[in-house]
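Student: Assemble the complex: chain A is given as a structure, and chain B must be docked to it using the hints.
Going down the list, the protein sequences come from chains A and B.
Mind the numbering: the first sequence is residues 1187 to 1375 in our numbering, read in order.
Mind the numbering: the second sequence is residues 1286 to 1694 in our numbering, read in order.
Since the hints were made in silico from the structure, they are not lab data.
If you're wondering where the values come from, they're calculated on a predicted model, not measured in any experiment.
Please note: incorrect hints may appear among the correct ones.
What the hints assert, rightly or not - Pair by pair, the computed Cβ-Cβ distance ranges are:
(1) A:Q1330 / B:T1401: 27 to 37 angstroms
(2) B:L1648 / A:V1265: 30 to 40 angstroms
(3) B:I1495 / A:T1338: 25 to 35 angstroms
(4) B:L1654 / A:I1301: 22 to 32 angstroms
(5) A:T1338 / B:G1488: 32 to 42 angstroms
(6) A:R1334 / B:G1498: 24 to 34 angstroms
(7) B:W1578 / A:I1301: 52 to 62 angstroms
(8) A:L1350 / B:R1659: 21 to 31 angstroms
(9) A:Q1330 / B:I1644: 26 to 36 angstroms
(10) A:V1202 / B:H1405: 51 to 61 angstroms
As the list claims (entries may be wrong) - Computed list of chain B residues with no C-beta within reach of chain A, every gap over 12 angstroms:
(11) M1319
(12) G1341
(13) D1356
(14) S1425
(15) A1472
(16) R1496
(17) E1524
(18) G1529
(19) F1658
As the list claims (entries may be wrong) - Stretch by stretch, here's where chain B covers chain A in the computed footprint (C-beta under 8 angstroms, at least three residues):
(20) 1218 to 1231
(21) 1239 to 1252
(22) 1257 to 1268
Built from N, CA and C at the ideal position, the CB exists for glycine as well.
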Amino acid sequence: MIAVALTIPDVVVYVVAALMIVVGALGVISFRNPVHCALSLIMTLFGVAIAFIEQEAQFLAAVEIIVYAGAIVILFLFVIMFLGVDRRDEVRVDPLVGQRAFAGVGVVITIAGIIFLMARSHWITGVPHVATGVATKGNNSNVQELGRAVFTTYLFAFEATAALLVIAVVGAVVLARRERASTLESSDA
Amino acid sequence: MHQFAVDPLYAHGVTLAVVIIALARVLIAFAALMGSVTLMIWFERKLISDMQSRIGPQRWGPFGILQTLADGIKLFFKEDLIPDQADRFVFKLAPYLVLVPALITFSIVPIGGSVTVAHHTFLLQVADPPIGILLLLAMSGISVYGVILAGWSSGSKYPLLSSVRASAQMISYEAALGITVVTVILASGSLSTHNIVVTQADGIWHWNVIRLGVVPFLIFLTAITAELGRPPFDVVEAESELVGGYHTEYSSLRFALFFLAEFMNTITMSAIMVTLFFGGPAGWVPNIPHLRWLFPIIWFLLKTTTFAACYIWFRAALPRLRYDQLMDLGWKKLIPLSLGWMLIVAGFIASKAWGFGMIAALLLGWLLLDQAFRLGQKRAASLDSFLPTVGERPVRGDLFRKRSNGEKA
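Just chain A, with the same shape it has in the complex:
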């Protein structure tokens, strides 16, 4: 179906990236200490970035590191440190009855869905890639094509996402502020 000529460097890079992703992901769910979990998550993110570079999506790789590893996981760590990491969760007791069974069913459905989609189409998301037919020769790579696509064809989706994020931030601020003001009023009364 898809004829791909694999070279030895391709295979080596793929194996390294895949190992980093899988080992990191296993680490996230198996370490007992939340900080170690966050570190494993970073390893997974780096693996994904390597996979992106292998696919010549250098910009996505850079954004992956800057946004996810550089900001989001840092915030995770920030929260973990503030809440204290000494509290161990008791894993023997389920907070929700039968959640393990449900989780198993969810995993099976997800994997079945992925296999189904992979068997039926070339692109898992069903969308052909943005930088169609762009030879990534030269130094300008696909960043310009990506920028053009985001600011022309997909401008509406892009602006909608931006608006959504702003609404989320404003909403968070409003919620956090209102609680404080209401406790003040009740204490005054």
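Tutor: Showing chain B alone in chain A's frame:
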């Protein structure tokens, strides 16, 4: 627009000679960086003692230039302690998470023009990746981990406080830093550091510092100083409040690694500033046969040394900012300013009308926002205070003085 070129080294396929040249570039850059770090530490100590009317290092070598080497040897032979409460793996990992990004960032700095050795023409920079300057942002994001994890894994209170401060500070200033870099990218039309330098090569009026107005450079200088945690933004290692900082529990070589990384970062960021705003290796080249390649390197070194000296000057001249001042400067001043300036630059790149329109729109927006802040402050003031008081109020200053003088209030 300029015609952008790829690193000509890889243009004709990868052969053994190409691999050897690439490896040699890496090794030479590494050695040069290490050498300049030892010089930088000596330079900082010597210059700061001159500014403070002291003598500074003078025992080892002429003008004490081997002092760093002596300190390094001493640190090497010190006992390596790991606190009982420490998270051993993370404690050992953290110094490298600071050091490796510092090394990688230097690889994108163009040190000179192109050079031909044995029929192979190549650029004088370790790597010229398509993402270019984004690597700087990615690596400064990673080096935050070293600081946070060092503080956390020490299993001690003050280092933890320091690392929490560090993470907040670095994330805050990363935003302003990123926006300023975008302004530079807008003017250059490329992410690659080589191309950013090439677009500034036509003389001093084409340097980004002038082309973009001086403001982006000043924002970048401030943000990068905060990102490095150098004075006056060094609340991360405020000795008077935190004992030492995130590296309080470190000793021996691991402690040395932190300082190696810090000084390496100082050099690298000076070099990055020269690359982004001062034309990198651009400068006057006299027509001397066989030596024309040397002058860009000299220009680059001169400019970088100037900025390194600037950092030392800051350290000697400026008092440390308080933590809330630091946050105010980052969020309330630098981010809006850099964002507004970026929009103006983008407007002028599109057309003059857009540029002036953008200035007008920004002024209007600023006035509206200012009005909103005023209204908000009035409302906040009318509630008197937000937090209920706990216990007794501290005694007012004038009453306290009266009381301690024996008078009755």
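Student: When the structure is checked against the list of hints, which entries are broken? Sort them ascending.
Tutor: 4, 10 and 14
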